[in-house]
Amino acid sequence: MNFNLTKEQEMVRKLMREFAENEVKPIAAEVDEEGRFPRETVEKMAKYSMMGIPFPKELGGAGGDTLSYIIAVEELSRICATTGVILSAHTSLAAHPIYQFGTEEQKEKYLKPLAEGKYIGAFGLTEPNAGTDAASQQTTAVLQGDYYILNGTKIFITNGGEADIYIIFAMTDKSKGTRGISAFIVEKNYPGFSIGKVENKMGIRGSSTAELIFEDCKVPKENLLGKEGKGFSIAMQTLDGGRIGIAAQALGIAQGALDECTKYMKERKQFGKPLAAFQGLQWMYADMATKVQAARLLVYSAALKKDENKPFSVDAAMAKLFAAETAMEVTTNAVQIHGGYGYIKDYPIERMMRDAKITEIYEGTSQVQKMVISANLLK
Amino acid sequence: MKIIVCIKQVPDTNEVKIDPKTGTLIREGVPSIINHDDKNALEEALKLKDKYEDVHITVLTMGPPQADVALREALAMGADRAILLSDRAFAGSDTWATAKTLAAAIKKIGEYDLIFCGRQAIDGDTAQVGPQLAENLDVPQITYVTYLQINGKEVKAHRALEDGYQVLITKMPCLLTAIKELNEPRYPSVRGIFEAYNGKQVEVWSSKDIEISLDETGLNSSPTNVRQTFTPSPKGQGMVLDGCGRDTVCELLFKLSEKHFI
Chain A
72 MNFNLTKEQE MVRKLMREFA ENEVKPIAAE VDEEGRFPRE TVEKMAKYSM
122 MGIPFPKELG GAGGDTLSYI IAVEELSRIC ATTGVILSAH TSLAAHPIYQ
172 FGTEEQKEKY LKPLAEGKYI GAFGLTEPNA GTDAASQQTT AVLQGDYYIL
222 NGTKIFITNG GEADIYIIFA MTDKSKGTRG ISAFIVEKNY PGFSIGKVEN
272 KMGIRGSSTA ELIFEDCKVP KENLLGKEGK GFSIAMQTLD GGRIGIAAQA
322 LGIAQGALDE CTKYMKERKQ FGKPLAAFQG LQWMYADMAT KVQAARLLVY
372 SAALKKDENK PFSVDAAMAK LFAAETAMEV TTNAVQIHGG YGYIKDYPIE
422 RMMRDAKITE IYEGTSQVQK MVISANLLK
Chain B
16 MKIIVCIKQV PDTNEVKIDP KTGTLIREGV PSIINHDDKN ALEEALKLKD
66 KYEDVHITVL TMGPPQADVA LREALAMGAD RAILLSDRAF AGSDTWATAK
116 TLAAAIKKIG EYDLIFCGRQ AIDGDTAQVG PQLAENLDVP QITYVTYLQI
166 NGKEVKAHRA LEDGYQVLIT KMPCLLTAIK ELNEPRYPSV RGIFEAYNGK
216 QVEVWSSKDI EISLDETGLN SSPTNVRQTF TPSPKGQGMV LDGCGRDTVC
266 ELLFKLSEKH FI
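If you read the sequences in order, they're chains A and B. Per our numbering, the first sequence starts with residue 72, numbered consecutively. Per our numbering, the second sequence starts with residue 16, numbered consecutively.
Calculated from the structure, these hints are not laboratory results.
Below are the PhoX-like pairs computed for lysine-lysine, each with C-alpha atoms no more than 25 Å apart in a straight line:
| id | chain 1 | residue 1 | chain 2 | residue 2 |
| --- | --- | --- | --- | --- |
| 1 | A | K115 | B | K66 |
| 2 | A | K115 | B | K195 |
| 3 | A | K115 | A | K85 |
| 4 | B | K62 | A | K189 |
| 5 | B | K64 | A | K128 |
| 6 | B | K62 | A | K118 |
| 7 | A | K189 | A | K259 |
| 8 | A | K128 | B | K215 |
Per the computed footprint, the stretches of chain B lying under chain A, defined by three or more beta-carbons under 8 Å from a beta-carbon of chain A, are:
| id | stretch |
| --- | --- |
| 9 | 80 to 94 |
| 10 | 208 to 217 |
Bear in mind the structure is a predicted one, so any value in this text is a computation, not a measurement. Don't be surprised by glycine CBs; every beta carbon is placed ideally from N, CA and C.
With the hints as extra help, turn the sequences into a complete structure.
Dropping the structure here:
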């Protein structure tokens, strides 16, 4: 394994850092406070081909690799976790399954505008009764002539309502269980498709989390993604990749909180000396910095394995588990180091702590990651 | 339209820390960036490329091999060709020798319509290389450009002054130096970054590749001698004498003579 980033990856980091500091930071607090989707940021990201980093140029992408994309999510999340998850859900969960499982026509019609950032993408698997138990899908798809007719409800869908293209999972044959699930590409304007409740969340408040309602929604049969009955496998493989994105988001949040502490501990004086001079806080800070770096190595190593086309499910699960728990721990301690100032909205620390929690929950809870790791290693 | 943009890689002064003991800059570990004004120069060239057909942009820099990354960034922003003048013989050049060397490289590049430079570099702050380069190439120059308009072969520019601006018109080929008020530089695109490293080249030219005499380039051929670099010592506390009468004036005269000023 090579721990040195390539020159391209270094330059992508520099670009994303500048972009995050100049374009994202000024609106991060407002986007959080108002729960407003930062569409202007998405448009800027599209302009600089940040919405399709790991896809080939011919398919509208930047011609980059997974690690560069991961670095982009990390750097955005260091400043604003909302922006990080918008990019992660769009790239990993919507564009990537079309890239991996789509037909040439589907790639041309849907992946290209997604990778160019003309469309925003979303992924609809979760249902009221199918959370961690994703196989218990109740949404149905029945083939009638040239269309599949979809009925059911999805909840907690990231980018829901803001996205143009949705990857939707539905039962095409209930008798076959997980082998009866199929995946579909659904456009936002298809008749019978509507957006329900938009959630009011604890964190990542600028990212939209919505309910998707399908009432006799007509989806052209050529929009079946992969083969009928392969939906569950597509969902699981897509989530494997998505987890590296969320792990990168968690890593970015943790690094952002650590950076705030680095600054604050040097500036803030108590008892006549800076916080950085107190050993109790030095030890706390050292543990935080060490865990952030350990998380980074896990996240990058999972991304590298994916780029090398090696199996990466366990790596992605470990990266997400560790990075998410690190983000929660580091942001909690960062609030502690900031004291009262950490608890008020004048500083970004309390937002980071609220944002961190979701990384332990979505795209597989920490407990699910442990199931994935053990199930693979104890086979 | 053929445009040459001269850029310089400089240490990011925002990241520079000062050694509290010696008062000098700590250069180790400081990231290198494209000089700010030079980015404005490049942006203006890129804007012309966005606006007109057949615009070709060559970026040129003189520096150590590490300056490659600055040129790659310029390519990622949209430049077409990149040339790095790198040779031990060029090392230590002052502005006079740098301008001579750049002029020799530009003569080798051949035809051009516009040369853009940044006003000055944040490390040296001389603002001399652009004007010297124009003199060496014997082309008209407009410095401190805040606004630019192209009409065929005619160049109209606003040149910033302390209390206003001049409107100057000249003909191509000419040299312009940009300041930050000219524009807002774009970011490189992610796609541009991957293209800059895969497919595009940075040409490296040594003293043998251009027509330059060794008494026109490098440290020994530079007329500028840097005797010492230092931080000026802080001025002492001032003194205020209250009052307005004869006594105060006497006291002032006494203090001045005490310090041998009068």
